[in-house]
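Put chain B on the given structure of chain A with help from the hints.
Note that the protein sequences, when read in sequence, are chains A and B.
Under numbering that gives the first Met the number 0, the first residue of the first sequence is numbered 0, with each subsequent residue one higher.
Under numbering that gives the first Met the number 0, the first residue of the second sequence is numbered 0, with each subsequent residue one higher.
FYI, nobody ran anything at the bench for these hints, they're computed from the structure.
For each residue, glycine too, the CB sits at the ideal point set by N, CA and C.
Mixed in with the good hints, there may be bad ones.
Derived lysine-lysine pairs resembling DSS-like cross-links, with alpha carbons at most 27 angstroms apart [as the list claims (entries may be wrong)]:
no.: 1; chain 1: B; residue 1: Lys166; chain 2: A; residue 2: Lys133
no.: 2; chain 1: A; residue 1: Lys166; chain 2: B; residue 2: Lys133
no.: 3; chain 1: A; residue 1: Lys166; chain 2: A; residue 2: Lys148
no.: 4; chain 1: B; residue 1: Lys148; chain 2: A; residue 2: Lys123
no.: 5; chain 1: B; residue 1: Lys133; chain 2: B; residue 2: Lys123
no.: 6; chain 1: B; residue 1: Lys166; chain 2: B; residue 2: Lys133
no.: 7; chain 1: B; residue 1: Lys148; chain 2: B; residue 2: Lys166
no.: 8; chain 1: A; residue 1: Lys133; chain 2: A; residue 2: Lys148
no.: 9; chain 1: A; residue 1: Lys133; chain 2: A; residue 2: Lys123
no.: 10; chain 1: B; residue 1: Lys148; chain 2: B; residue 2: Lys133
no.: 11; chain 1: A; residue 1: Lys123; chain 2: B; residue 2: Lys166
no.: 12; chain 1: A; residue 1: Lys166; chain 2: A; residue 2: Lys133
So, partial list: chain A residues that the calculated Cβ filter (under 8 angstroms) puts toward chain B [stated by the list, open to error]:
no.: 13; residue: Ala34
no.: 14; residue: Ser97
no.: 15; residue: Val98
no.: 16; residue: Asn104
no.: 17; residue: Ser107
no.: 18; residue: Pro136
no.: 19; residue: Gly137
no.: 20; residue: Leu160
no.: 21; residue: Ile167
no.: 22; residue: Asp179
no.: 23; residue: Trp185
no.: 24; residue: Leu191
no.: 25; residue: Arg194
no.: 26; residue: Leu196
Which chain B residues stay away from chain A? Per the calculated CB distances, all over 12 angstroms, these [as the list claims (entries may be wrong)]:
no.: 27; residue: Glu26
no.: 28; residue: His65
no.: 29; residue: Ser78
no.: 30; residue: Thr87
no.: 31; residue: Glu122
no.: 32; residue: Arg143
no.: 33; residue: Glu149
no.: 34; residue: Arg194
no.: 35; residue: Asp201
Protein chains: 2
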Amino acid sequence: MARRTHSSPSPRTRVRRLHERARYDREAIDSVLDAGLVAHLGFVSEGQPFVIPTLHARIGDEVYVHGSAASRTLRALASAIPACLTVTLLDGIVLARSVFEHSMNYRSVVVLGTAHAVEDPSEKLAALEAFTEKLLPGRWAEARPPTRKELRATSILRLSLDEASAKIRDGGPEDGDTPDAMLDVWAGHVPLVVRALDPVPDEMLDPGIPVPPGLAPYRRPGLVD
Amino acid sequence: MARRTHSSPSPRTRVRRLHERARYDREAIDSVLDAGLVAHLGFVSEGQPFVIPTLHARIGDEVYVHGSAASRTLRALASAIPACLTVTLLDGIVLARSVFEHSMNYRSVVVLGTAHAVEDPSEKLAALEAFTEKLLPGRWAEARPPTRKELRATSILRLSLDEASAKIRDGGPEDGDTPDAMLDVWAGHVPLVVRALDPVPDEMLDPGIPVPPGLAPYRRPGLVD
Chain A
0 MARRTHSSPS PRTRVRRLHE RARYDREAID SVLDAGLVAH LGFVSEGQPF VIPTLHARIG
60 DEVYVHGSAA SRTLRALASA IPACLTVTLL DGIVLARSVF EHSMNYRSVV VLGTAHAVED
120 PSEKLAALEA FTEKLLPGRW AEARPPTRKE LRATSILRLS LDEASAKIRD GGPEDGDTPD
180 AMLDVWAGHV PLVVRALDPV PDEMLDPGIP VPPGLAPYRR PGLVD
Chain B
0 MARRTHSSPS PRTRVRRLHE RARYDREAID SVLDAGLVAH LGFVSEGQPF VIPTLHARIG
60 DEVYVHGSAA SRTLRALASA IPACLTVTLL DGIVLARSVF EHSMNYRSVV VLGTAHAVED
120 PSEKLAALEA FTEKLLPGRW AEARPPTRKE LRATSILRLS LDEASAKIRD GGPEDGDTPD
180 AMLDVWAGHV PLVVRALDPV PDEMLDPGIP VPPGLAPYRR PGLVD
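Isolated chain A (complex conformation) (with noise of 0.2 angstroms):
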């Protein structure tokens, strides 16, 4: 299937406000999926919103989720339930000269749509694959793969990312050509980055047993040295 590099904003996610602000493009949606590692899945269930934190993870136009939370849900409803998965990275705090242009620096996406529930299991193989590789590159090569319990234990939800649009806010405050500029007051942004430290071994680990090369150090999308 060719990789489409858009995605169509729907009356439900063009972003009403800031518009400066949105992003439609595929390529603006997929790095900020690929480099969050905990996305937020959103679903209804009599009547109450309920937000899980979970990992994802995108394969070309789907994206994954751990389903253990909505699995219940989906077991009391249908194969499939509205969901909305967002996923953010917080980039730094912003400080303005009055109180009411305060903001946050980062970069979201919110996907609406339907998860289904995954029961293929060579889908929800390729599923742990990626989030597997996801949070360590080589990983899913050196791990014992799932036994076929484990697998039917494991609960995988699929998304489509028809309906997704990303936001991103950077940069400074904005009211430097406000009358707010005259105040004596403080502004700028402070950055904010997430940072790995060293791995620390499990203690049962056999000191024989070298630290994956991926780890050496550890980097992906989203983390800084």
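For chain B alone, coordinates are given in the frame of chain A:
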């Protein structure tokens, strides 16, 4: 009002899997809410769940969020809607010997309840003060206060912490005492930390205005040096 030290699990918030990770005490809940700079607010509009990243701040037994995205739903439906607020702090990746046991270290809080639109100007001001002081202690006294017009343009929602739970996972993989421990696979965890870089002054800033003491360096719960 006395500060409650516990929040009882309801049937909806009781964590059903991995019980050892669940915490219902307010100390755990508050520390995650207070350390997190981003919340994910879930609500439902026309059957579709939405999950929107937003700044939040706790005041006692309530948590406040910027409600711009949810406000059109609120206006359409009522002054209160079922909502879920989730805050997640990612603390690391967990590399087990088996694919199945791979995990993440994290602290998360899920608050279920009803999001109420805040109409009272003094309550709005208190929430804005909490947002601002959360970004940078002392900032409320430095920055220009909101005008009445700005206050009217600010949409704020309130959720009670009556139905809240925390979930915490830390440490290494849990397969050190299983047959997998004999595998020749490195196992352990990689801590992830959030760090603030040096403040970046707004390009329009008068260089004579000093950097606030709270930014030199910027320190808050959830950040490391």
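Practice task
Return the numbers of the hints above that this structure violates; sort them in rising order.
Solution key: Numbers 3, 4, 7, 13, 16, 18, 19, 20, 21, 28, 30, 32, 33, 34 and 35, in rising order.
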